[in-house]
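Student: If you read the protein sequences in the order shown, they are chains A, B and C. So for the first sequence, this note's numbering puts the first residue at 18; every next one is plus one. So for the second sequence, this note's numbering puts the first residue at 774; every next one is plus one. So for the third sequence, this note's numbering puts the first residue at 5; every next one is plus one.
Read the hints as simulated data drawn from the structure, not as lab findings. Check before you lean on any hint, since a few could be wrong.
[As the list claims (entries may be wrong)] Listed below are several chain B residues computed to face chain C (Cβ distance under 10 Å; list not exhaustive): (1) F787; (2) R821; (3) I827; (4) I852; (5) I856; (6) A920; (7) H923.
Here the structure is a predicted model, which means the values were calculated and not measured. Virtual Cβ for every residue (Gly too), placed ideally from N, Cα, C.
Spelled out from the first residue to the last, the chains are:
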Amino acid sequence: MKILVVAILLLNLNLVNAQTDVEELVKKVKAKYEKVIDYEASGKMKTNVLFIKVPIANVKIYYKKPNKLKIKNENGVSFIPKGTINVNMNNVLSMKNYQVIEAGSEVIDGTPVTIVKILPEEDTEDVVLSKLYIDTKNLLVLKSITTTKENGTYEISMQYGEHSDYGLPKKVKFSFNAKGYKLPKGITFDYDNGAAKSDFDKAENKKGKVEITYSAYSINKGVKDEVFK
Amino acid sequence: MSDIIQVKNLSKSFKDVHAVQDLSFKVPTGSIYGFLGQNGAGKSTTIRMLMTLIKPTNGDITIFGQDLRKNPNDILRNIGAVIERPDLYKYLTAYENVALFAKLSRIKVERKSIMDLLDRVGLASWENSSMQIFSQGMRQRLGIATALVHNPELIILDEPVNGLDPQGIADIRNLILHLKNDMGKTLVVSSHLLSEMEMIATDLLIINKGKKVIEGSINTLLKPEMAQIELIVDHADEALAKISTTAWQQSFKKRIGNTLIFEMNKNQISDFNVMLVHHNIHVLSLRPKHSLEDYFLEQTTETVSQ
Amino acid sequence: MFFTLLKIELFKISKRPRTYIAFGALAVLIFLIQLALKANGDEFVGLLLSAQEDTFEIPRKEMLNGYFVCFFVLNMLLIHIPLLVALIAGDQISGEAGMGTLRFMIGKPISRTQIILAKYCASVIYIVLMLFWMAILGLFLSNILFGTSDLFIGRQFDVIVLEASDIMWRYLLAFLFATLGLSVIAALAIMFSVFSDNSIGPIVTATTVVIVCTIIQQLTVPLFENTITPWLFTTHMLGWKGFFYPETYQMVGENSGAVIKGSIENISAIYKSSAILFGYILLFLGIAIWQFRKKDILT
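One chain only, chain A, in its complex shape (with noise of 0.2 Å):
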């Protein structure tokens, strides 16, 4: 019975102690991206849906504290999925009263990573839950999982170079679900040019692709309100 006891106890202190760390371990990640207070990018953004066939698009992308987040194609058309902006990790982040829980750990292309689940504690949030996969080594996160009470679930994976001091990543990859399309045939009076269709009703995959390549960062230097509207 002791020895139950003390096992439980010690599985609880270890408990205590893990989420200790996860606490730490989130708070840290958000110090280091707290250090962004605005920046400016150039992005080349590659669109993966079934129904949208757009060419690589050069982007503006823009942040500003605490959760402004603004991409822009200023000479072209594109389709910027909602979710990229409302789920972006600043918005995870800048949330103020979340519970963390740990969730165990993977390998990543080879980086070990800590799983968070990060839970709002308040029902204003858009976000339900938000699965983190952070490095603990460089305190970057790799990769999340967030599900949204509006749009579903969307998985953000990010890969760092110069600039993962500021925890800004150089290429991030975004998957979510995309709803149908179709068009009535009398309104489109399409040209039957023998392609295949790609009736998004009867595919298998319905998963959305996004991945924005970042270039030429401008980090804290300022940036205007306007370009937000």
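On the provided structure of chain A, position chains B and C as indicated by the hints.
Tutor: Quick look at chains B and C alone, frame taken from chain A:
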């Protein structure tokens, strides 16, 4: 070559309608060839076949010594025609219409030549006017100008005086005579206005119901020394009975009601008159007639004869 | 002689008031479309992508540019323009027959085959000028009024975005293809024109044929879809759009799913459509020449 056109056994049928039947004729070079017939007699169909508008069901057409079927373009190059109404391009001016038909005739014409031509048909001052405002006579003259622009040897005019006022008719008549006499052209002129034809034609073809009635030079056909006498009496039966007792019976041709037609030499007319007085025949009118119209009517209408 | 004849036909077309009806009508229609899109274009664009508004930011302002307006104009008008082509081509022989000028033409040393071909070529040149006019108003004027950006095209099952620098050559080819497509209508109208002695008949008949074909094409029932529709000229007249359907990189791989600049998804389909349209032109002109050569001119 004495005949500019030779037509042999020409026929045209539209389903069950025989518009032209076994028609043969020759148009002498340098003539004004009158083509006579009532409306629907087959004149226009024949002219359209000469102009390649209609394909004959049977028969041969030779123009300028060439087979029309084999060399239509060589032949048409030398023909100018106004077929039925002078329907030219209403939205073009007089000058533009003539210039356009010059090009269609595959010739290059200087502006001056076109202006001379318009002058000849009396339209020089209308060169820039749209055809829409032209009177029927002006249109006919412009039509003739388009037919003449490439200086053809043969000119075919289908009902050229149709719908014209007396002055217009006289203008066209003079133009036709000018073309033959001064320019040495051969003309085929169709008409149902026979008095006009009589004034200009040198040769004549009369057709009725698609068939040839008679063909020949106007002098041969009309026998100028002969005259037809139209006698109108109050009692035709009585008059005819009295005449039958005389040698004049042989001159009697036909009776239409109280009108009696006789044919005799012109110098017998006074003797005929003496005979009427002598036999106490009451004459209401005695009129010598000598016109193509009578001839034409004689050949093409069914009459009541005794 | 053919070129003289062609020049004469063009001269006649240029002198007729009805020639300019088409240009005027096009100007009015394009202006109305531009006005409508200027006023409510945002809503219209949004309507096409209304189902996606939750998932994506829809860049309505950028989407509504000159290239989009021109595509919209072509999409709307190339279906209706056959009427304007028939108005000129359907009148070519029958109009002259009705006016009586045909008997003057035939009496000239020109072959009837040449007359048909000259009239057809003149109609095609008219089409080229009409499309050039459309390009000036629909493309260049729209570009001035709406600015330029990437071209957005909404298809039944997908949307396409073409980079601004990847569009002009597609429009050039599209206009050339539209010329071919409308040339079929010209051949059709001239064919009917030979059989008639008044201009209304062939114009109405040609337009009716186009409308019937379009309706059959829109009736997406297997009875037609698998039998008649693939052979209708109206089906292949849409081939101009094929130039705006680009190839994309395979869905897996480095650039997966992205549009390949300067590419056409299936050029062989466009070749096939062109061949079928050419076939129709030859058929219609062949019938027209055959009938015209044996026709008795009675007007």
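Student: All the hints need checking, so say for each whether the structure fits it.
Tutor: Evaluated hints:
1. A hinted interface residue such as F787(B) counts as satisfied when its beta carbon comes closer than 10 Å to some beta carbon of chain C; here the least separation is about 8 Å, so the hint holds.
2. Given the 10 Å rule on beta carbons, the hint for R821(B) holds: about 7 Å separates it from the nearest Cβ of chain C.
3. Taken as an interface hint, I827(B) checks out: its beta carbon lies about 4 Å from the nearest beta carbon of chain C, inside 10 Å.
4. Residue-level restraint check for I852(B) holds (minimum Cβ-Cβ distance to chain C is 7 Å; threshold 10 Å).
5. Interface restraint check for I856(B): the shortest CB-CB distance to chain C comes to about 5 Å, inside 10 Å, so the restraint holds.
6. For A920(B), the suggested interface contact is upheld, since its CB lies about 9 Å from the closest CB of chain C, less than 10 Å.
7. The restraint placing H923(B) at the interface with chain C holds, with a minimum CB-CB distance near 9 Å, inside the 10 Å limit.
When held up to the earlier numbered hints, the structure conflicts with none and fits them all.
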